[in-house]
Amino acid sequence: MSKRKLNIAITGLNNTDNPGPGIPVIRGLKESEAFEARIIGLAYENLEPGIYMKDLVDKAYQIPYPSSGSQNLMQRLEQIHARESIDVLIPNLDAELYTFMMSARKLEEMGIHTFLPTLEQFEERHKANLPSYGEKYGIRVPASMAIIGHEAIASLSDEFEYPVLVKGKFYDAYLAYNPEQVAMYYNKISAKWGVPVIIQEFIKGTEVNVVALGDGKGNTIAAVPMRKQYITDKGKAWSGITLADGQMIELTRQLITQTRWRGGMELEMIKTSDEKYYMIEINPRIPAWVYLAVAAGQNIPEALVKMALGMDVQPFSTYQVGKMFIRYSYDLIGDIKQFEKLSIQGEL
Amino acid sequence: MQSTYIYFIPGAMKLQKNIAISESGFVFNPGSGESFILNRTGKNILELLRDNKMFEEIIELMMGEYEVDRIVLEKSILDFISVLKSYGLLEKEPASAN
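In order, the protein sequence lines correspond to chains V and D.
The opening residue of the first sequence carries number 0 in numbering that gives the first Met the number 0; numbering runs sequentially from there.
The opening residue of the second sequence carries number 0 in numbering that gives the first Met the number 0; numbering runs sequentially from there.
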């Protein structure tokens with residue numbers, strides 16, 4: 000029996016040394032046994048590597064940044080949809096999620112299905128809200144404070160012991176050992192991501208993550224824990240390994256049950272030497288290392304697409320422990336004609 | 000002057016469950032994701048711990064296999080066990096009642 004054909008639009012094709020999740024998500028979709036995915040890549044920049052990966056991205060379009068106004072973005076999506084008949088859209092970048100969540104109903108009316116967290120779920124897990132989130136759901140979190148100006152830096156030592164982490168609201172995190180370094184990183188981060196900038200207690204331990212999928216009714220459809228084995232200077236995992244860690248899975252299940260999380264998520268935790276877990280971040284989307292979960296037996300992108308289409312999805316019950324990923328860089332060869340076509344016509 | 004060694008024989012020396020020890024001496028802890036490479040002696044000790052051998056039994060078994068002073072062997076094994084503990088390869092001792 001031939002597989003159902005689906006046109007799936009994907010963002011986050013920036014498969015760089017700070018990779019977006021687009022390409023790993025596509026790899027999972029291409030391996031689906033339930034459907035045949037035709038991938039419509041949506042790119043913000045014309046040098047996002049995924050655009051040129053013709054074995055993975057069947058057609059690529061340039062789209063405007065959400066910061067240029069959601070109306071512009073939606074108009075562009077309507078144009079693309081008219082040509083490509085998109086079945087499912089998977090946005091993969093933190094900074095665009097708000098716009099897509101706000102437009103979810105409009106997208107649905109157009110016939111484009113999504114499977115995103117609710118606005119409330121998205122807002123309450125913001126880094127700046129982590130202390131109240133931890134309190135509400137009974138999760139151990141590091142002390143943190145959101146600051147919007149330099150005035151607060153001098154008195155940080157009343158609340159925190161140095162070093163502290165200085166974090167952007169979407170991306171970036173730096174370890175600062177004194178107020179001068181906090182001020183330097185504050186300037187760097189606020190110039191790029193705006194305010195607030197988050198000051199967070201530094202918890203010493205091993206960085207462990209879980210990629211998970213919630214069905215929006217409190218059920219955990221998928222959950223795979225991983226330890227970063229090699230971390231780049233940008234704090235990104237360059238290698239990781241799946242773990243047999245029941246506590247991490249249980250923490251994830253509890254959180255998904257309590258929040259009735261809908262969609263993909265990544266829980267970032269620190270495991271201390273006395274085996275306590277601190278939640279340091281909750282990312283409201285599939286992470287860039289999701290292909291490790293696919294390889295370990297949980298095809299999370301495929302399950303997400305099925306749920307977006309209202310299909311019944313049974314929770315995964317197992318995964319392989321000791322599966323590893325190792326990133327690598329690779330020079331794709333393109334041609335100026337491709338670059339020209341994308342730059343002039345906005346598609347490739 | 001004869002020196003006197005004073006040490007405490009560890010109470011719990013059970014290897015963590017699920018620790019994988021391969022023939023090559025490669026050890027994988029699936030709970031932490033950490034891996035280690037052991038020489039033949041280290042691998043032997045880990046296998047004896049996995050078989051729930053007590054400290055005294057390990058000493059006796061290894062005395063039969065290696066030409067070594069008992070006191071040197073005991074100290075070396077205790078050192079090795081403390082390394083295993085620090086890497087989280089042994090089960091945690093239950094907290095004392097007091």
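Think of the hints as simulated: they come from the structure by calculation, not from any bench.
Glycine included, each C-beta is placed from N, C-alpha and C at the ideal position.
Don't take every hint at face value.
Claimed, not checked - Facing chain D, according to a computed beta carbon distance under 7 angstroms, are these residues of chain V, among others:
no.	residue
1	I240
2	P314
3	K322
Stated by the list, open to error - Think about it this way: if two alpha-carbon atoms lie no more than 30 angstroms apart in a straight line, the pair counts; the simulated DSSO-like pairs of lysine-lysine are:
no.	chain 1	residue 1	chain 2	residue 2
4	V	K203	D	K52
5	V	K216	D	K13
6	D	K91	V	K227
7	D	K74	V	K227
What the hints assert, rightly or not - Here are the computed distance ranges between Cβ atoms for each label pair:
no.	chain 1	residue 1	chain 2	residue 2	range
8	V	T271	D	K16	18 to 28 angstroms
9	D	S21	V	Q228	14 to 24 angstroms
10	V	T271	D	E55	46 to 56 angstroms
Results of checking the hints against the structure:
no. : hint                               : verdict
1   : I240                               : 4 angstroms, holds
2   : P314                               : 21 angstroms, violated
3   : K322                               : 10 angstroms, violated
4   : V:K203 x D:K52                     : 35 angstroms, violated
5   : V:K216 x D:K13                     : 42 angstroms, violated
6   : D:K91 x V:K227                     : 24 angstroms, holds
7   : D:K74 x V:K227                     : 35 angstroms, violated
8   : V:T271 x D:K16: 18 to 28 angstroms : 21 angstroms, holds
9   : D:S21 x V:Q228: 14 to 24 angstroms : 18 angstroms, holds
10  : V:T271 x D:E55: 46 to 56 angstroms : 34 angstroms, violated
Checked against the numbered hints listed earlier, the structure breaks hints 2, 3, 4, 5, 7 and 10; every other hint is satisfied.
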